[in-house]
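Q: Listed below, chain by chain, are the residues.
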Amino acid sequence: EPEVTQTPSHQVTQMGQEVILRCVPISNHLYFYWYRQILGQKVEFLVSFYNNEISEKSEIFDDQFSVERPDGSNFTLKIRSTKLEDSAMYFCASSVQGVSSPLHFGNGTRLTVT
Amino acid sequence: KQEVTQIPAALSVPEGENLVLNCSFTDSAIYNLQWFRQDPGKGLTSLLLIQSSQREQTSGRLNASLDKSSGRSTLYIAASQPGDSATYLCAVTINAGGTSYGKLTFGQGTILTVHP
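If you read the sequences in order, they're chains A and B. If you read the first sequence in my numbering, its first letter stands for residue 96, the second for the next number, and so on. If you read the second sequence in my numbering, its first letter stands for residue 1144, the second for the next number, and so on.
Treat each hint with caution, since some may be false.
[Said to hold, decoys possible] Cβ-Cβ distance ranges computed for the label pairs, FRET-style:
1) B:1161 <-> A:145: 24 to 30 Å
2) A:207 <-> B:1212: 42 to 48 Å
3) B:1254 <-> A:159: 29 to 35 Å
4) A:97 <-> B:1202: 17 to 23 Å
5) A:147 <-> B:1158: 45 to 51 Å
6) A:191 <-> B:1146: 26 to 32 Å
[Said to hold, decoys possible] Mimicking DSSO-like on lysine-lysine, the simulated pairs with C-alpha atoms at most 30 Å apart in a straight line are:
7) B:1211 <-> A:152
8) B:1185 <-> A:152
9) A:137 <-> A:173
10) A:178 <-> A:152
11) A:137 <-> B:1211
12) A:178 <-> B:1185
13) A:152 <-> A:137
14) B:1185 <-> A:173
15) B:1211 <-> B:1144
16) A:178 <-> A:137
17) A:178 <-> B:1211
18) B:1144 <-> A:173
19) A:178 <-> B:1144
20) B:1144 <-> B:1185
21) B:1144 <-> A:137
22) B:1144 <-> A:152
Source of the hints: derived by calculation from the structure; they are not laboratory data. Every residue gets a Cβ at the ideal spot worked out from N, C-alpha and C, and that includes glycine.
Modelling step: build the complete structure from the supplied sequences, incorporating the hints.
A: Structure (structure tokens):
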């Protein structure tokens, strides 16, 4: 069964550095998302992306964050100038028809900012 | 602002028991509700998706019901097995005038342990 793949599985970075988290959504899916889960807290929505543009974003997704679909297969989340509080598990997800169809999540990238 | 709450926070049962997990949400104007399973160190796996017009969905030993007016959903697991041990999350999508791209609001989850 096709799945969403995320790399790396774990990323350690120093405060102030830029990181790029990578995702390969399922090939026939059209809607892409980033969510995050801080340890011990709820899964939180960051951003949704459709037709090569951001369709919705949360208040968490400020100017520090950006998303890109650089080619036909990859979907990336860039965090500029990371902060300690950015430490979390970041999940990429995709779906065929927005939330009318189930979201398929990757296994996540654990980001640790030191 | 939509708030999603799940009870209990944790549940431990012997193998073979039928069990019910509860989810409540504060804003009944939802587009749909999904139940997910999360294994340690893994992503979320969608179990069931209930559209706002539906009352329930079934998949194998799982049955999810939705009562939109009261802001509640339940996930029923029949004949539980040790392999069912995981965290179960519910998430709702708000009905944004018929357009919804994927902003799920999650509960904090129920940690289920099924012991042999």
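Q: Each hint: holds or not?
A: To see whether the hints hold, each was checked on the structure:
1. B:1161 <-> A:145: 24 to 30 Å: violated (40 Å)
2. A:207 <-> B:1212: 42 to 48 Å: holds (44 Å)
3. B:1254 <-> A:159: 29 to 35 Å: For residue 159 of chain A against residue 1254 of chain B, whose Cβ atoms are near 32 Å apart, the range 29 to 35 Å holds.
4. A:97 <-> B:1202: 17 to 23 Å: holds (19 Å)
5. A:147 <-> B:1158: 45 to 51 Å: Cβ of residue 147 of chain A to Cβ of residue 1158 of chain B: about 49 Å, so the range 45 to 51 Å holds.
6. A:191 <-> B:1146: 26 to 32 Å: Given about 28 Å between the Cβ atoms, the range holds.
7. B:1211 <-> A:152: Since the Cα atoms of residue 1211 of chain B and residue 152 of chain A sit roughly 25 Å apart, the hinted pair holds (cutoff 30 Å).
8. B:1185 <-> A:152: holds (24 Å)
9. A:137 <-> A:173: Holds, at about 22 Å.
10. A:178 <-> A:152: Within the cut-off at roughly 19 Å; holds.
11. A:137 <-> B:1211: At roughly 22 Å apart (the allowed maximum being 30 Å), residue 1211 of chain B and residue 137 of chain A satisfy the hint.
12. A:178 <-> B:1185: Holds - the C-alpha atoms of residue 1185 of chain B and residue 178 of chain A are around 24 Å apart, at most 30 Å.
13. A:152 <-> A:137: With a Cα-Cα distance of about 17 Å, the restraint between residue 152 of chain A and residue 137 of chain A holds, given a limit of 30 Å.
14. B:1185 <-> A:173: holds (22 Å)
15. B:1211 <-> B:1144: holds (16 Å)
16. A:178 <-> A:137: The given pair, whose Cα atoms are some 19 Å apart, holds under the 30 Å limit.
17. A:178 <-> B:1211: violated (39 Å)
18. B:1144 <-> A:173: Holds, because 28 Å separates the two Cα atoms, which is no more than 30 Å.
19. A:178 <-> B:1144: Roughly 27 Å separates the two Cα atoms, so the pair holds.
20. B:1144 <-> B:1185: holds (28 Å)
21. B:1144 <-> A:137: holds (15 Å)
22. B:1144 <-> A:152: Distance ~15 Å between residue 1144 of chain B and residue 152 of chain A Cα, so the pair holds.
Violated hints for the displayed structure, listed by number in ascending order: 1, 17.
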